[in-house]
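Undergrad: Sequence:
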Amino acid sequence: MNITLGMPYAICERGKRPNNEDAIFPSSSQTIERSQRLFVVCDGVGGAEKGEIASSLACESFQIFFSTFMEEDATDDLIRKAVRYTEVRFDEYISAHPEAEGMATTLTMLYFGNKGVTAAHIGDSRIYQFRNGKPVFRTEDHSLVNFWVKTGKITQEEALHHPQKNIITRAITGSANPTEADIAFLTDIQPNDCFLMCTDGVTDCLSDKVLSSLFTRPYMSEKIKDTLVETCYEKAHDNYSFYLLPVLKVQNSSSYN
137 MNITLGMPYA
147 ICERGKRPNN
157 EDAIFPSSSQ
167 TIERSQRLFV
177 VCDGVGGAEK
187 GEIASSLACE
197 SFQIFFSTFM
207 EEDATDDLIR
217 KAVRYTEVRF
227 DEYISAHPEA
237 EGMATTLTML
247 YFGNKGVTAA
257 HIGDSRIYQF
267 RNGKPVFRTE
277 DHSLVNFWVK
287 TGKITQEEAL
297 HHPQKNIITR
307 AITGSANPTE
317 ADIAFLTDIQ
327 PNDCFLMCTD
337 GVTDCLSDKV
347 LSSLFTRPYM
357 SEKIKDTLVE
367 TCYEKAHDNY
377 SFYLLPVLKV
387 QNSSSYN
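According to our numbering, the stretch in the sequence shown is residues 137 to 393, in order.
Keep in mind the hints are simulated off the structure, nothing from the lab.
Warning: the hint list may mix true and false statements.
Claimed, not checked - Here are the simulated distance ranges between beta carbons:
(1) His297 - Glu370: 29 to 39 Å
(2) Glu228 - Glu207: 39 to 49 Å
(3) Leu296 - Asp213: 32 to 42 Å
(4) Ala232 - Ser349: 45 to 55 Å
What the hints assert, rightly or not - Quick list of in silico lysine to aspartate or glutamate cross-link-like pairs, EDC-like style, CA-CA up to 16 Å:
(5) Lys217 - Glu294
(6) Lys251 - Glu276
(7) Lys217 - Glu207
(8) Lys251 - Glu316
(9) Lys152 - Asp318
(10) Lys217 - Glu366
(11) Lys371 - Glu358
Note that beta-carbon positions come from the ideal geometry of N, C-alpha and C, so glycine has one too.
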């Protein structure tokens, strides 16, 4: 499967916060090549420099690991090893900088391979795959309120405004508390699909219903980007970051006996 992406759009903004604990790879200042296949979005936890370091270190670790060990497609085993590698790098950093103890980060990752798209996430940063204004794929938050929704303790509507909605149940922290990514291998990819990777600074401002309404015309991805930025600029109380990845063409491989 040969997937051709359109122009990726990336934002990583501190919003109304004094510092930015989000990080993305490739960074928004980088020139993104058409051949780019790995994209990462992270939201640091721990406050001030701790969150900044955690998110940046996770992005850097995944970039290093994938550039060193990458195969044609990102397998479950490869992603698990990338998470372990990142946790070891957290250990090394905290050992050298004890004041960083307690730093953590969410992680979302997309890899566009030869057989499909691998999506992985830890925490409450999200990945969406939109088609004709509908989410055909969406990650499930590793958060306390989402657990309560699943167990019937609160409703989905109550979760949106719950005072504990930002408490996450999974994060990358280091090998003393190893975590696991939820991994999905997506093979139903069509031209004009659009992937959105984002931190909760975005989803706190735009509901799934509002987000879906933006993607009824996926070929207008620059307009979608502008709307996301304008809305987050006005409403966000947190850092907000996203990658917008439109699919231009999909060529499926054929085999003959």
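Undergrad: Now tell me, hint by hint, if it's right for this structure.
TA: Each hint, compared with the structure:
Hint check: His297 to Glu370, Cβ distance near 18 Å, so the stated range 29 to 39 Å is violated. Taking the beta carbon of each, Glu228 and Glu207 are about 26 Å apart, not inside 39 to 49 Å as hinted. For the pair Leu296 and Asp213, the supplied restraint of 32 to 42 Å holds, since their beta-carbon distance comes to about 36 Å. Separated by about 47 Å at the C-beta atoms, Ala232 and Ser349 satisfy the suggested range of 45 to 55 Å.
In summary, the hint linking Lys217 to Glu294 is not supported, as the alpha carbons are separated by about 37 Å, beyond the 16 Å threshold. Taking the CA atoms of Lys251 and Glu276, the gap is about 23 Å. The hint is violated against a cut of 16 Å. Among the hinted pairs, Lys217 with Glu207 is consistent with the structure: their alpha-carbon atoms are about 13 Å apart, no more than 16 Å. Distance restraint check for Lys251 and Glu316: the Cα-Cα separation of roughly 23 Å exceeds the 16 Å cut-off, and the hinted pair is therefore not satisfied.
Restraint check: the Cα-Cα separation between Lys152 and Asp318 comes to about 31 Å, which exceeds 16 Å; the hinted pair is violated. The hinted pair formed by Lys217 and Glu366 fails the criterion: a straight-line CA distance of about 38 Å is larger than 16 Å. Among the hinted pairs, Lys371 with Glu358 is inconsistent with the structure: their alpha-carbon atoms are about 20 Å apart, more than 16 Å.
Comparing the model with each earlier hint shows violations of hints 1, 2, 5, 6, 8, 9, 10, 11; every other hint is respected.
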